[in-house]
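Enquirer: Next come the chains, spelled out residue by residue.
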Amino acid sequence: MKFQAIQGEGWLLTKAEQLINWGRSRSPWPFPYGTACCGIELMCALASGYDMARFGAERVAFTPRQCDVLIEAGTITKKMVPVLKRIYAQMAEPKWVIAVGACACSGGVFRTYSTQQGIGSVIPVDIYIPGCPPRPEGILYALLKLIDKIEADHPLYKQRPKLIEALEAYK
Amino acid sequence: MSLKDRVADILGKDLVALNEFRGDLCIEVPKGRIVQVLAKLKEEGGFDFLSDLFGVDNLDLYAKAAKKKKKSQEESEDTGETKGKESVQPRFEVIYLLLSLSTNERLQVMVRVPEDDLELPTVTGLWKAANWPEREVFDMFGIRFKGHPNLRRLLMWDEFQDHPLRKDYPLEGKGEERHLNYDIA
Chain A
1 MKFQAIQGEG
11 WLLTKAEQLI
21 NWGRSRSPWP
31 FPYGTACCGI
41 ELMCALASGY
51 DMARFGAERV
61 AFTPRQCDVL
71 IEAGTITKKM
81 VPVLKRIYAQ
91 MAEPKWVIAV
101 GACACSGGVF
111 RTYSTQQGIG
121 SVIPVDIYIP
131 GCPPRPEGIL
141 YALLKLIDKI
151 EADHPLYKQR
161 PKLIEALEAY
171 K
Chain B
1 MSLKDRVADI
11 LGKDLVALNE
21 FRGDLCIEVP
31 KGRIVQVLAK
41 LKEEGGFDFL
51 SDLFGVDNLD
61 LYAKAAKKKK
71 KSQEESEDTG
81 ETKGKESVQP
91 RFEVIYLLLS
101 LSTNERLQVM
111 VRVPEDDLEL
121 PTVTGLWKAA
131 NWPEREVFDM
141 FGIRFKGHPN
151 LRRLLMWDEF
161 QDHPLRKDYP
171 LEGKGEERHL
181 NYDIA
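Protein sequences, first through last, are from chains A and B. What the first sequence shows, in the numbering used here, is residues 1 to 171, in sequence order. What the second sequence shows, in the numbering used here, is residues 1 to 185, in sequence order.
Because the hints were derived from the structure by calculation, they are not lab data. Be aware that one or more of the hints could be misleading.
[Claimed, not checked] Okay, derived cross-link-like pairs now, SDA-like style, lysine to any residue, Cα gap no bigger than 25 Å in a straight line: (1) K158/A to I123/A; (2) K85/A to I40/A; (3) K167/B to P124/A; (4) K85/A to R178/B; (5) K85/A to W132/B; (6) K85/A to L154/B; (7) K158/A to I147/A; (8) K79/A to K31/B; (9) K79/A to L151/B; (10) K174/B to G118/A; (11) K78/A to W132/B; (12) K174/B to G107/A; (13) K31/B to R135/B; (14) K95/A to L163/A; (15) K95/A to M43/A; (16) K85/A to E176/B; (17) K79/A to K174/B.
[To be verified] Not the full set, but computed from the structure, chain B residues with beta-carbon under 7 Å of chain A: (18) W157; (19) P164; (20) L171; (21) G175; (22) R178; (23) L180.
[Said to hold, decoys possible] If you want the footprint, here are the derived chain A segments under chain B, 3+ residues with CB under 8 Å: (24) 67-81; (25) 112-120.
We put the CB at the ideal spot given by N, CA and C, even for glycine.
So here's chain B without its partners, still in its complex pose (with noise of 0.2 Å):
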């Protein structure tokens, strides 16, 4: 049985999506369930290890397929076709890789996370390794991760105000200094 198969079969209707590349297998699952779909990888799955967790941002992407699109329809209602309702994919992705020690097979978990909607519950009671990636994703995305045992910033200090991996946030930053002030004992 393959590794498509047996994930296809562990997980069942959690499965939004599955696509495979050149032997890498990457799946996408609903939002709510993300806990306890990897809590059944972890399992059942045998998917023991979580090698990282990361988060992307598509804010370019996503504005220039609907434009493309867009242009496409207009072009197609000349000839009278009508194409369905535009679905407009959520702006950030969280995935998290994950490895298994026993059979050596890597697993992408991928996690659509809505703008409006910040939030995804934690990982770090399934593998402690989350914990560090978690507040990353953190820092960088503005995403929390509910139930977090220490939700700080890791990489910018803790005054930083924004969140700079995201794709608004101008690469050369906003001007932003740390000062720190010292107790003069």
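Next comes chain A alone, as it looks inside the complex (with noise of 0.2 Å):
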């Protein structure tokens, strides 16, 4: 984010775009949607050891109105897709998803009829982890990346014609 200051102390000039992105980035609240080992190496990473929190992960919030991120990770069994679902359309937007794991981006090693053969075709994901399962550090690397690609962001794309009408309004 760029900021210049202007007129001494007190004042900062910078995008609204920029702005949001940089709220955005640092605090993306991770939903643990654990469902298999990787659930646990998940832990691993939320906890003191790896300690996500120092990237804006910072609450793990156990209700999807109050997240940002979905971390899912483990297998999601057919029997469990709506529920992933209904948990996906109960988040506030804007949302990312984290596949976690070879079960979570593409059924893994159980090819069976009764596991989801990857959640990407199910709700869309933004990154995808590899492992069986990853490690924390693997899993911090892809919050890192989740964050390079908030700040890459244009929040406001889809508004700008909104708020150009907003502005003129003012001249």
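Please assemble the complex out of the two chains, which come individually in their own frames, going by the hints.
Expert: As structure tokens, this is what we get:
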């Protein structure tokens, strides 16, 4: 984020998009959707040893209404797919999804009648982490990648015509 | 008196076959008498604990064995020998694993279930622990348990049509998907 100080102390000049991205990228609160052994690695990444809170994943939200990043760690059975869809639908925009581990990415070793072959066919996924299970470093790396992605985003792009219209009214 | 003799003594005529392998005793009993047999083993044999209950599908096993037998029969016909009538084994088995908590003895009780009569009486009256395993066997093999208090699918969802542990069900499924319609209040 680029700031420019003008007219001494107390004033900073920046773009609205950059300000929004700054806020979003520094507080990606996770929703821990741990369904298998990847969930253990996720717990490890969240706990004091690796401390995911260093990168803004400060508070683990156990309600989808109060989180930004759905971290899907583990196997998703076909029986569970409607639940996952509903959890994702309950999250408020903006929302992102990280698929942790082979099972969440592609079904992993469970190429069977009961396992969803990757959650990418059910909900949109931003970051895929390979591994069975991935190490906590992998999960932290994915979070950093997600932060990069958030910072490169243009949150006001769709609202641009409306904003221009609103600004025109002040002229 | 060894466990083998005791079991033979308790069951008498109900004992169809008895097999011992490395100290594990496995007995086969007739399908129609399963509840009476298990009740006798519980009351007189002291097997007061049902560890598990599960099904087996022997579809390929017996098909292969029949083929092999036919082949060997053809060979033996050349020498002029004739064998008895070929016995067709029922496709499914249900196995009850019993444990005696007082003597720490284990017993496998097997009952064969033919494909055209997929019904067994429930043993939930003897052991409440049979409730979920019987639901699982129904879910996976389609064997119905008569008199079961709540015979619904245990692992797959209710709308699922097939019985996935049957050998003729493809491993990767038939493309079933679960859909839920939530009530929007």
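Enquirer: Each hint: holds or not?
Expert: Now the hints, each set against the structure:
At roughly 22 Å between alpha-carbon atoms, K158/A and I123/A fall within 25 Å of each other, so this suggested pair holds. In summary, the hint linking K85/A to I40/A is supported, as the alpha carbons are separated by about 22 Å, within the 25 Å threshold. For the given pair, K167/B sits about 35 Å from P124/A by alpha-carbon distance, which is inconsistent with the 25 Å threshold. Using a Cα cut-off of 25 Å, the hinted pair K85/A and R178/B holds, with the two alpha carbons roughly 11 Å apart.
Proximity of K85/A to W132/B is assessed by CA-CA distance (about 28 Å); at most 25 Å being required, the pair is judged violated. With a C-alpha separation of about 22 Å, the suggested pairing of K85/A with L154/B holds against the 25 Å cut-off. Annotation: proposed proximity of K158/A to I147/A holds, straight-line Cα distance about 21 Å (limit 25 Å). Our distance criterion of 25 Å between C-alpha atoms is broken by K79/A and K31/B, whose separation comes to about 34 Å.
In summary, the hint linking K79/A to L151/B is supported, as the alpha carbons are separated by about 19 Å, within the 25 Å threshold. Taken as a hint, the K174/B and G118/A pair is honoured in the structure, with Cα atoms around 17 Å apart against an allowance of 25 Å. Proximity of K78/A to W132/B is assessed by CA-CA distance (about 21 Å); at most 25 Å being required, the pair is judged to hold. Under the criterion of a C-alpha separation no larger than 25 Å, the hint pairing K174/B with G107/A is consistent with the structure, at around 16 Å.
For the proposed pair K31/B and R135/B, the alpha carbon gap of about 19 Å is at most 25 Å, so the pair holds. At most 25 Å may separate the alpha-carbon atoms for a hinted pair to count; K95/A and L163/A meet this at roughly 22 Å. For the proposed pair K95/A and M43/A, the alpha carbon gap of about 21 Å is at most 25 Å, so the pair holds. Straight-line distance between C-alpha atoms of K85/A and E176/B comes to about 17 Å, which keeps the hinted pair within the 25 Å bound.
Annotation: proposed proximity of K79/A to K174/B holds, straight-line Cα distance about 15 Å (limit 25 Å). Evaluation of the W157/B hint against chain A yields a held restraint, the C-beta minimum of about 5 Å falling below 7 Å. Against a cut-off of 7 Å between C-beta atoms, the interface hint on P164/B holds, since the closest Cβ of chain A lies about 5 Å away. Satisfaction of the interface hint for L171/B is found here, the shortest Cβ-Cβ separation to chain A being roughly 6 Å, below the 7 Å cut-off.
Evaluation of the G175/B hint against chain A yields a violated restraint, the C-beta minimum of about 9 Å exceeding 7 Å. A distance limit of 7 Å between C-beta atoms decides the matter here; for R178/B the minimum to chain A is near 5 Å, and the interface restraint holds. With its C-beta approaching chain A no nearer than about 4 Å, L180/B sits inside the 7 Å limit, and its interface hint holds. Evaluation of the coverage hint for the stretch 67-81 of chain A: fulfilled, as 3 residues show C-beta separations to chain B shorter than 8 Å, against a requirement of three.
Coverage of the stretch 112-120 of chain A by chain B holds. Counting CB-CB distances below 8 Å, 3 residues qualify, and the rule asks for three or more.
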